[in-house]
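Given these sequences and hints, build the entire structure.
Each chain, letter by letter, is given below.
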Amino acid sequence: MQAVTQGTIEFLKLYWAPLLCGVVIVAFLPLIVGYVVLVERKLMADMQARLGPMRVGPHGLLQPIADAVKLLIKEDIIPEDADKLVFWLAPVLSVGAALLSLAGIAIGPAFQIAKDINIGILFVVGVSAMGIFGIVLGGWASNSHYSLMGALRSAAQLVSYETAAGMALVSGLLFAGTLNITSIVEAQRQQGIWFGLLAPVAFFTYLVASIAETNRAPFDLPEAESELVAGYMTEFSGFRWSLYFLAEYTNMIVVASVATTLFLGGWLRPFPRTQWLNFLDFLPPLLMVAIGLYCLVRVPKQPARVQQFFMVAVAGLCFFLALVLAVPVLVPVVNPSLAAGVKPLYEGIHGSFWFLFKVSAYLYFFMWLRFTLPRYRFDQLMRLGWHFLIPLSIINVLVIGIAMIVGTYLHLEGWWLLLATLPASIIALLIALFILAAEQKSGQQQAGGAASDSYAG
Amino acid sequence: MLDKVIFYFFAGIAVASAVLTVTRRNAVHSAIFLITALLATAGIFLQLRAEFLFIVQIILYVGGIMVLFVFVIMLVNLDVAVRQIQFARQKWVALVISLALAAQVGLMFWSSGRMPGQGLPVLAAAPADKLPPNSEEVAKSLFSSYLLPFEIASVLLLVAMVGAVVMAKKRT
Amino acid sequence: MGERKPGDRERAITSVAKTSITDSGEKQHTLLGADELILNMGPQHPSTHGVLRVKLKLDGERVIGSECMIGYLHRGVEKIAEHRTYQQFAPYVDRMDYVAAVSNGLGYCEAIEKLLLVEAPVRARVIRTILTELQRIASHLLWLGTHALDIGALTPLFYCFREREEILKIFEKYCGARLTTHAFRIGGLQYEAYDTLEKDVERFCKNFESRIVEYEDLLTQNRIWLGRTKGVGILTSAEAIAFGATGPVLRASGVKWDIRKAMPYAAYDQYKFEIPVGTAGDTYDRYLVRMEEMRQSRLICLQAIENIPSGPILAKVGKVLKPPPGEVYHSIEAPKGELGYYVVSDGTVQPYRVRIRPPSFVNLQSFDRMVRGHLVADVVAIIGTLDIVLGEVDR
Amino acid sequence: MLPIGHYLFLGLALFIIGVIGVVTRRNVIIVLMSIELILNAVNINLVAFSRLYGDVAGQVFALFIIADAAAEATVGLGIIIAFFRNRETVLADEMDLLKW
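As given, the protein sequences belong to chains P, X, D and Y, one line each in that order. Heads up: the first sequence begins at 881 in this note's numbering, then just goes up one per residue. Heads up: the second sequence begins at 35 in this note's numbering, then just goes up one per residue. Heads up: the third sequence begins at 376 in this note's numbering, then just goes up one per residue. Heads up: the fourth sequence begins at 5 in this note's numbering, then just goes up one per residue.
Watch out, some of these pointers could steer you wrong.
Here chain Y is said to cover these stretches of chain X; the calculated rule only asks that three of the stretch's residues, wherever they fall, bring their Cβ under 8 Å from a Cβ of chain Y [as the list claims (entries may be wrong)]:
id	stretch
1	44-52
2	63-73
3	77-83
4	93-104
5	136-145
In silico DSS-like pairs for lysine-lysine, Cα to Cα no more than 30 Å straight-line [what the hints assert, rightly or not]:
id	chain 1	residue 1	chain 2	residue 2
6	D	Lys605	P	Lys964
7	P	Lys893	X	Lys38
8	P	Lys922	P	Lys1181
9	P	Lys1321	D	Lys605
Read the hints as simulated data drawn from the structure, not as lab findings. Just so you know, these numbers come straight off a predicted model, no measurement behind them. Glycine included, C-beta positions come from ideal geometry on N, C-alpha and C.
In structure tokens:
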């Protein structure tokens, strides 16, 4: 017994800071996810010529809290013939995996829970992939045909697209030469160019595969509401359902973070080594000021006093953030001797800004696709995965490898590396398209006959 | 001390869920407990500073093989199987085999204790930051000394893939 | 397939889920093997357009058989008719195809007019044409929105409702109701057209031209949309005729049949318009046909508002309608197909029998033929492309 | 740090449980899962010794074992699906035909 206490104390002494970070993330993530959902609804409303949530709080800003309260006090229904243990376990598993994978993500050079783990990005990808058990087991345990079909679709889809996503990551990792997340970003700083530009095909593959992995439209077949009602979560309600929801959005944030880290330069600002673009550092504070000013302009148009007050408050918050963002870039201009002192401050504050900005842009793209595109059918999804994305990503790994060897021979670095990798990417794309065309041709000849066993994936 | 606590924690989970794996009636429950056992084993790997193997265990074993298992269990799930007799009449065979194995290992421990100066070796307590980066080490070893086994393993996987496809194909 | 041995060996009950909706005597099912899985779609399902219930026999996700179960919205409309006077029954027909109430009313009024041997005045007929064509556009817009939603495109629904709203506003201005309008009366119109009707319709038609391009931008060339609709639910022209399909479903199969041209009613003989026909008879063709129909309806409306003749709006029919004994069948081209009314009069104030031929009900008969061999996802696409309204199917 | 014996005992325990599972269970899927347990037990030993001697060869071979487990699971489950499709059972003692 004493050993246990002693061990625990030792453990706490060593790791109290990451643990605290972890608790903070777990505590705040539901709120963040709630607001991501609100943003999504607002964006969707904007694209669909309507207003979206407007009732709870000014411009519906308290809607996530109202939703959360509603979900928490809803009756917890477990179907009669459900497997109680698994039914209970599945959503927890889903959300647990999603939250755990956040541990490996570095928001800035300093903000990372599991620092310096050697396997870095593999940890994030691997642990988040475990969330599939939550989906599959949940679908099985609810003992309903729709749920089961959703679960099976989900399993087949995830297994298929994970291969493509993994291969795409490999293409990016070839440039980094390490799995450690901090080192990956540092490698991009040294190259002075994002790996997403060096390996556009890999980035594209990862983009598509990550949408499929997070079950987002147009690949949202496991929960396609017009076909399977709600797929694997048909029988879930209230709090359990909201856990699934939380897991889905957390997974979105995770894949966006992975893509940002590996392909979009992590916390680096665009063109990190280009000196004459240093004015980009002033962009974040200016952006905040612009948003704040816009809020102030909108104040007189608010119907209620509370809302006017609220708008002013939002504007004030924006100005405050602008100030925070401006300090690290303005201090060296005013007093160059302090430049070295504010350097870590700059890295931390601007790093987080750019990281979150890129993640948001990635998520925005997800949402945009969801509002625009119809849904794939299951066989089409499988065909896209197996006949196009997987060959494409594998060929891409090969040609990127060759391009890197060529680059080493020719001493190409930074932007010049594009000379080798761009033709390689184009070649990969062409070969994959050729394979797809050939497959389609042979598929048409067989026409239906052994019409793809859709679960055989 | 910390190492000990972590080891006992994971080892306890691993053994308990292994027992549950082989005793549950429902195959899905078995699979869940097997997943737990595999994750606990991954924890042991981490405690042994084999980070790369830890993540391979999670990605490949848990995220790959076990998904396949669960998938197949769902495809062939048999309600009736849960109600059938779960154990074949081979418990004597099992007992004999396990006793023999236990005896063998026990003999090894006993003899190693008997030999002078040959007590059970203790794992070197190298600080974690002194260890070489694990994935690089494994990769180097894998692609230099063990390149041929690596290639053979990949051929094995290919064969397995083709075999599985042939096997699972519908005969029309 | 090997034989299963009977006897002491426990027969494997192979069900994917522990409870499956099966009728007695049917086997339990599994995803694997020869047995099929039965999936009960509806009546509570997001995309069965109301309360249609479809029992699907599935092999994996492939449909090997289907059965439509209807009647969840049966209100006995035809029986009610026998206990109401001719005028009293008119509002009931609005509740059949509730997304195209104006067309229903037109068909009923014209059928009774035929029975009474009167004809509506020219002005009334022109206004009827305008409103009916607007209703056709509104109905097709609703179809487009929900159909796209079934296939997973969220946004067209809201664009469609934006335009439908404008049409409903015109209806509201005209008769005070938006959905179940009861816009016409036997013998003509109840209300005189309001002052700005022509302007409103014109403005709508002007806007609509660019709006329809918006929908097409979102869908027509979209690869996923093409993949989901092309080759799905093919109905050849012979089959379509055999199933008695009418309306866009028939025309998409390549049969040029439109009652507005074949047996003109209202004021359709005065206007020029095209009948779009498809070639392949698949979901995509039906989509294209309906899109083109909306354009044609717009053209008809534009032609009609150019010259609305003046004159009375109501023919001379008495307060109490007592048609001479006899029977009449009158059909119009409703948005969804041929809407027919068969009315038998025994000379009293109440019809002896009213039989309605709803287009949705007849078109639904081809459902089983269309879904066989497709995947579950296609089932909802096919339900959508048939454009059924359960109020009309069940009556 | 811990003596190697701890790991060997853990490996032994998992191995024996796995063997018992393989020998006694009738459900082939659970038999396959027990085999996974056995392979895991071996992996623990390999990694422990790799740590003991500071040589990554043990970990490399553990990797090979995982690859082998993947191959085994794939083929095994393929056989189970093929068998189930014909006989609608997954019980080991009913697999008594060489050909059907």
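Worksheet item: Between Lys893 of chain P and Lys38 of chain X, is the straight-line Cα distance small enough, at 30 Å or below?
Response: 16 Å, holds
Discussion item. Verify this for me: three or more residues of the stretch 63-73 of chain X with a beta carbon less than 8 Å from a beta carbon of chain Y.
Written reply: Coverage by chain Y holds here, the residue count being 5 at a Cβ distance below 8 Å.
Fill in: Coverage claim, chain Y over the stretch 93-104 of chain X, checked by counting residues with Cβ within 8 Å (three needed)
With 6 residues close enough to chain Y, the hint holds.
Fill in: Within 8 Å of chain Y's CB atoms, at least three CB atoms from the stretch 136-145 of chain X: coverage verdict
This one holds; 3 residues, not fewer than the three required, reach chain Y with a Cβ under 8 Å.
Worksheet item: Residue count check for the stretch 77-83 of chain X against chain Y: does it reach three with CB-CB under 8 Å?
Response: Answer holds; 4 residues pass the 8 Å Cβ test.
Discussion item. Can you confirm whether the C-alpha distance between Lys922 of chain P and Lys1181 of chain P stays at or below 30 Å?
Written reply: Holds, at roughly 19 Å.
Worksheet item: Lys1321 of chain P and Lys605 of chain D: Cα distance at most 30 Å?
Response: The hint holds at about 17 Å.
Discussion item. Can you confirm whether the C-alpha distance between Lys605 of chain D and Lys964 of chain P stays at or below 30 Å?
Written reply: Violated - the C-alpha atoms of Lys964 of chain P and Lys605 of chain D are around 43 Å apart, more than 30 Å.
Practice prompt. Tell me if chain Y covers the stretch 44-52 of chain X under the three-residue, 8 Å CB rule, please?
Written response: holds (count 4)
When each numbered hint is compared with the structure, a violation occurs for hint 6 only.
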